[in-house]
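Chain V is already provided as a structure; the job is to place chain Z on it using the hints.
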Amino acid sequence: MSAELLEVDDLGVCLATAAGDLHAVDSLGFSLREGELLGIVGESGSGKTQTALALMGLTPAGSRVSGSARLDGQELIGQPEAALNDLRGDRIAMVFQDPQAALNPYLRIGVQLTEVLEQHRDLDTAAAVGRAVEMLRAVGLDDSERCMRSFPHQLSGGMRQRVTIAMALLCRPRLLIADEPTTALDVTVQAQILGLLRVLKGTHYGAGLLITHDLGVVAEVCDRVLVMYGGRPMEVADVDALFHRGHHPYTRALLRSLPRLDRPESGLVPIPGQPGRPTGAGCPFNTRCVERLEQCAAVVPPKLDIAPGHLSFCHRSAPA
Amino acid sequence: MSGRLVAIRNLVVEYPGSGHGVPSLRAVDGVSLGLDEGATLGIVGESGSGKSTLARALLGLVDIHSGQIEYAGMAMAAAGRSGWRRFRREVQVVFQDPAASLDPRMSVAKILAEPLLVHRPELGTEQVRETTIARLRDVGLADAHLQRLPRQLSGGECQRVAIARALVLEPRLLICDEPVSALDISIQAQILALLRELQRRLGLAVLFIAHDLSVVRYLCQRVAVMYRGRLVETGSADALFDQPQHPYTRALLRSVPVADPRQRRNFAATPAAFTANAMGGGCVYAERCQHARERCRAESPALEQQGDVAVACFFPGAEARSTA
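Line by line, the protein sequences give chains V and Z.
Read in order, the letters of the first sequence are residues 2 to 321 in my numbering.
Read in order, the letters of the second sequence are residues 139 to 462 in my numbering.
If we strip away everything but chain V, and leave its shape as in the complex, we get:
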């Protein structure tokens, strides 16, 4: 077993679209240590969701996934469906944005939870119910018996998202992937769910990927951050380094473009242009970058070691 819980190398996801092949993820590498929560931040088309789907073996039909992703040393990419079915819900689990869509509206919560344990743990009904109730309590659904008997529509949005988290954690996965888990929720409920993800880490799951467009969410709960743009990594760093000593022009531009509750007087500086379709040549951010150099459009940027654990993919070796 390697020291890293998850190691991703040269991951690529190529989607077949009407307009030709789309490199949704290209040359992506990162790793995840035990007990770590890594935020993956990006705008639409950055490849953050396709990265998660590639790890889960859930990329759309007709797509091609290349490269390697190893969970505790075991390769995930290119595994047959049967092997993936054993992994998913057991050693890797995922929480989606819309809990309403993630739950079956016709089945009681209890049935949906125990079915996971019957699939992966071969538990008898009583033991499965016991474990499901225990997990519901762990996610703060104290009235777990009533919750087990409820249908999804009888729960609030926040409670439904707690249920999908409980479901994902039933088998104590090594890796939890949460894709925009709080985007559909009110801000007070979002705070509760983020608190939960933070508290359950280590005890109920090994390490996590939190995919989000919200830098505030990342700053609140993540240990490290991967910033993506146009399918490529831009920068990887510890949260403190990224928010205070960010190197990549995109990272710094993103931070300047946020309206801030804590600093209302600081003006917001928008990034010109809009996220475009990845082209494959050069740095995908070059068309919007105010610090662009001549080679940026044609040559893929080198990987710069800024500090231990801090990587930036940019032709500029120091911020302009």
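Source of the hints: derived by calculation from the structure; they are not laboratory data.
A few of these clues could be false.
To be clear about the criterion: a stretch of chain V counts as covered by chain Z if any three or more of its residues have a C-beta under 8 angstroms from a C-beta of chain Z, and this derived list gives those stretches [said to hold, decoys possible]:
id, segment
1, 241 to 250
2, 293 to 302
Computed footprint of chain V on chain Z, listed as stretches where at least three residues anywhere in the stretch have a Cβ under 8 angstroms from a Cβ of chain V [as the list claims (entries may be wrong)]:
id, segment
3, 320 to 327
4, 353 to 365
5, 379 to 393
6, 402 to 412
Residues of chain Z placed beyond 10 angstroms of chain V at every Cβ, according to the derived structure [claimed, not checked]:
id, residue
7, ASN148
8, GLY157
9, HIS158
10, SER162
11, LEU163
12, ARG224
13, GLU228
14, ASP281
15, ALA331
16, ARG339
17, HIS349
18, PRO399
19, SER438
20, GLY455
For every residue, glycine included, the Cβ atom is placed at its ideal position computed from N, Cα and C.
For chain Z alone, coordinates are given in the frame of chain V:
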């Protein structure tokens, strides 16, 4: 520029029940608000707080149960055809989903010309064209966009077109209902900066509805916080954000993630409970309030001035004192 542009008094809006056990819902419950000429007012609240219903009632899109709405001194309930016609010309709206608010079969040129054809029939073709091009440039788009269809535009461009359409009639009041929440961060910043620039340059009054408090803080001078149909706190943005008095406003502000890991709040993993929907006579927030006492469950607090803000709470600032 000053003077009251909009006055809302004791507004109540109810959505009828289904007749099959679903009871009627009081979406807006006794709200009074004012907006001055050229001023910006943000309305914040979570889903179900009634913020969008309030805007719809102001626009005449939902029936009012009771209360009054006045626009530029005109009581809208008694306004006739010409009154509403003037209102529809002077009050414009920008919605959340720009793609859904633009007719997919109309070119940008047609979308921008349509309000002029309805409200300014005296204008000639050339004047219409000049006006639409001028507004298009105001929102940062070029003449080349005129012949495009909405599906040929990005989300940010669609929202710019929607803003340009709202501006062609030179409105006095712009109502924005979550205008940036469907957009990417970098585009959101562009639209926010554009709205702020236009508001200042044109002296527009803006009613800005949003769930994102940082967005409201960026754009609005005054803020009103709604919870379950009630106005719980209102005041200048500075006072309300710096010294919130209502426990709900405080809870909201504490929940906003800050993009700085050095200011982490370490959100607690608080449990969730089934809530009873039955509304008693007490404060709407009593059920969730840590400081609720007997009186809060029995009586409903009225909005009262407390320094720079007006707050509907029997024990305003209670939390500040207990944690001080």
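The hints, checked one at a time:
no., hint, verdict
1, 241 to 250, "holds (count 3)"
2, 293 to 302, "violated (count 0)"
3, 320 to 327, "holds (count 6)"
4, 353 to 365, "holds (count 3)"
5, 379 to 393, "holds (count 6)"
6, 402 to 412, "holds (count 11)"
7, ASN148, "27 angstroms, holds"
8, GLY157, "19 angstroms, holds"
9, HIS158, "15 angstroms, holds"
10, SER162, "20 angstroms, holds"
11, LEU163, "16 angstroms, holds"
12, ARG224, "34 angstroms, holds"
13, GLU228, "28 angstroms, holds"
14, ASP281, "19 angstroms, holds"
15, ALA331, "5 angstroms, violated"
16, ARG339, "16 angstroms, holds"
17, HIS349, "7 angstroms, violated"
18, PRO399, "4 angstroms, violated"
19, SER438, "21 angstroms, holds"
20, GLY455, "19 angstroms, holds"
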